[in-house]
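Work out the full structure: start from the sequences and follow the hints.
2 protein chains.
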Amino acid sequence: MELLKERIRKDGVVKPGNILKVDSFLNHQIDIPLLQKIGEEFKSRFSDVPVTRILTIEASGIAIACIAAQYFNVPVVFAKKSQSINLDGESYTAKIPSFTHKKVYDVILSRKYLLPEDHILIIDDFLANGCALKGLIEIVRQSGAVLEGAGIVIEKGFQSGGKEIRSMGVRVESLAIIESMSPDSLVFR
Amino acid sequence: MELLKERIRKDGVVKPGNILKVDSFLNHQIDIPLLQKIGEEFKSRFSDVPVTRILTIEASGIAIACIAAQYFNVPVVFAKKSQSINLDGESYTAKIPSFTHKKVYDVILSRKYLLPEDHILIIDDFLANGCALKGLIEIVRQSGAVLEGAGIVIEKGFQSGGKEIRSMGVRVESLAIIESMSPDSLVFR
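Here the protein sequences line up with chains A and B, keeping their order. When we follow this note's numbering, the leftmost residue of the first sequence carries the number 705, and every step to the right adds one. When we follow this note's numbering, the leftmost residue of the second sequence carries the number 705, and every step to the right adds one.
Among the hints, erroneous ones may be present.
Said to hold, decoys possible - Here are the simulated DSS-like cross-link-like pairs (lysine-lysine), alpha carbons at most 30 Å apart as the crow flies:
{"#": "1", "chain 1": "B", "residue 1": "Lys785", "chain 2": "A", "residue 2": "Lys741"}
{"#": "2", "chain 1": "B", "residue 1": "Lys741", "chain 2": "A", "residue 2": "Lys816"}
{"#": "3", "chain 1": "B", "residue 1": "Lys714", "chain 2": "A", "residue 2": "Lys725"}
{"#": "4", "chain 1": "A", "residue 1": "Lys709", "chain 2": "A", "residue 2": "Lys741"}
{"#": "5", "chain 1": "B", "residue 1": "Lys806", "chain 2": "A", "residue 2": "Lys747"}
{"#": "6", "chain 1": "A", "residue 1": "Lys807", "chain 2": "B", "residue 2": "Lys806"}
{"#": "7", "chain 1": "A", "residue 1": "Lys807", "chain 2": "A", "residue 2": "Lys725"}
{"#": "8", "chain 1": "B", "residue 1": "Lys806", "chain 2": "B", "residue 2": "Lys747"}
{"#": "9", "chain 1": "B", "residue 1": "Lys741", "chain 2": "B", "residue 2": "Lys714"}
{"#": "10", "chain 1": "A", "residue 1": "Lys799", "chain 2": "B", "residue 2": "Lys799"}
{"#": "11", "chain 1": "B", "residue 1": "Lys709", "chain 2": "A", "residue 2": "Lys785"}
Unchecked claim - Covered stretches of chain B (in silico footprint by chain A; criterion: 3 or more residues with CB under 8 Å from a CB of chain A, positions within the stretch not fixed):
{"#": "12", "region": "735 to 743"}
{"#": "13", "region": "767 to 775"}
These are calculated hints, taken from the structure and not from any lab test. Built from N, CA and C at the ideal position, the CB exists for glycine as well.
Here you go:
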């Protein structure tokens, strides 16, 4: 998606430790017209499959999933990163190590909002080592729903997550795949 | 907002401890067409003031703020609930005690995304004791921006937050104000 790549080139900042900061438009401040274009692109790429719910994970996935859901006409459900007293009843759970926060999260989703008859599209902002996405895939597997694929805004192609998850048979559509990056250069695949 | 009150009456569940669960449509699963109506209502109520950015707090505020922002044509910026290694440079910070999670959060917002010349609308899902909203107001005060008001989806009118914050001179527009609630009854103001 050329518009997105241009924006990453213009406003993305590469920091030591393979961190790409896109907080001016994607995950701290949010550029809504850009997210609308991203939503349209996901709809275009997944127009050949039925989608009944979009699944994402808090926090920054929520913005992308909600704007995209407008083009799919389906509800969003987001997995929560820690046990909350507001969640009762049975839940699906998975453990996700966080690269950013250097700890392991319990990720939780109420069983009420993922059903065996659902066709799920996962949407998230980043795919790097794939831990978050594997956790969401595990939750879909627990539910018995059909996983139609994963729509990712930015994939770090030099980390192993994308390759591992595609080799599991999951369809992954990443709108920008970074082949390599350093503070001085950013190369897209 | 009658549509919202009807939805709360139909799908909201009151739990012991003054908890109102609206996770089937607002803060776990998200009903996008309802959020579009909520966004239009916020735009209608705040059509008399200039708004340059919408401020919210992760996680469930993000969905509401992003859908609403489409009607204001402004970016969203969301405050983060804990120190993240992806946030660098100077930040505004405030401490917020969480009723739900029974702990105190550091709430952080990059200085780059709230400027003295901004006119800010805060949007959040709930107003109860007002701790989250007071933290966001404190962050706006630190930035020097003009606070145009706060748009709240559900206010628990029987808790003190709304009264306290209005008495600070902040304009608060709540789309549904609950006068009293119990597992058997729900009364709107």
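These are the hints, each one checked on the structure:
For a cut-off of 30 Å, the pair hint linking Lys785/B to Lys741/A stands: about 28 Å separates their Cα positions. Note on Lys741/B and Lys816/A: the hinted pairing holds, with a Cα-Cα distance of about 24 Å set against a maximum of 30 Å. Straight-line distance between C-alpha atoms of Lys714/B and Lys725/A comes to about 42 Å, which puts the hinted pair past the 30 Å bound. A C-alpha spacing of about 13 Å is found between Lys709/A and Lys741/A, which places the hinted pair at or below 30 Å, so the restraint holds.
For a cut-off of 30 Å, the pair hint linking Lys806/B to Lys747/A is broken: about 40 Å separates their Cα positions. Simply put, Lys807/A and Lys806/B have alpha-carbon atoms about 20 Å apart, close enough for the 30 Å limit, and the pair holds. For the suggested pair Lys807/A and Lys725/A, the alpha carbons sit about 20 Å apart, so the restraint of at most 30 Å is met. For the suggested pair Lys806/B and Lys747/B, the alpha carbons sit about 33 Å apart, so the restraint of at most 30 Å is broken.
Taking the CA atoms of Lys741/B and Lys714/B, the gap is about 17 Å. The hint holds against a cut of 30 Å. Restraint check for Lys799/A and Lys799/B: the C-alpha separation of about 28 Å stays at or below 30 Å, so the hint holds. Annotation: proposed proximity of Lys709/B to Lys785/A holds, straight-line Cα distance about 29 Å (limit 30 Å). As drawn, the region 735 to 743 of chain B meets chain A at 4 residues by the rule of a beta-carbon pair under 8 Å; at three or more, the given contact holds.
Remark: the region 767 to 775 of chain B is confirmed as covered by chain A, as 5 of its residues place a Cβ nearer than 8 Å to a Cβ of that chain, reaching the required three.
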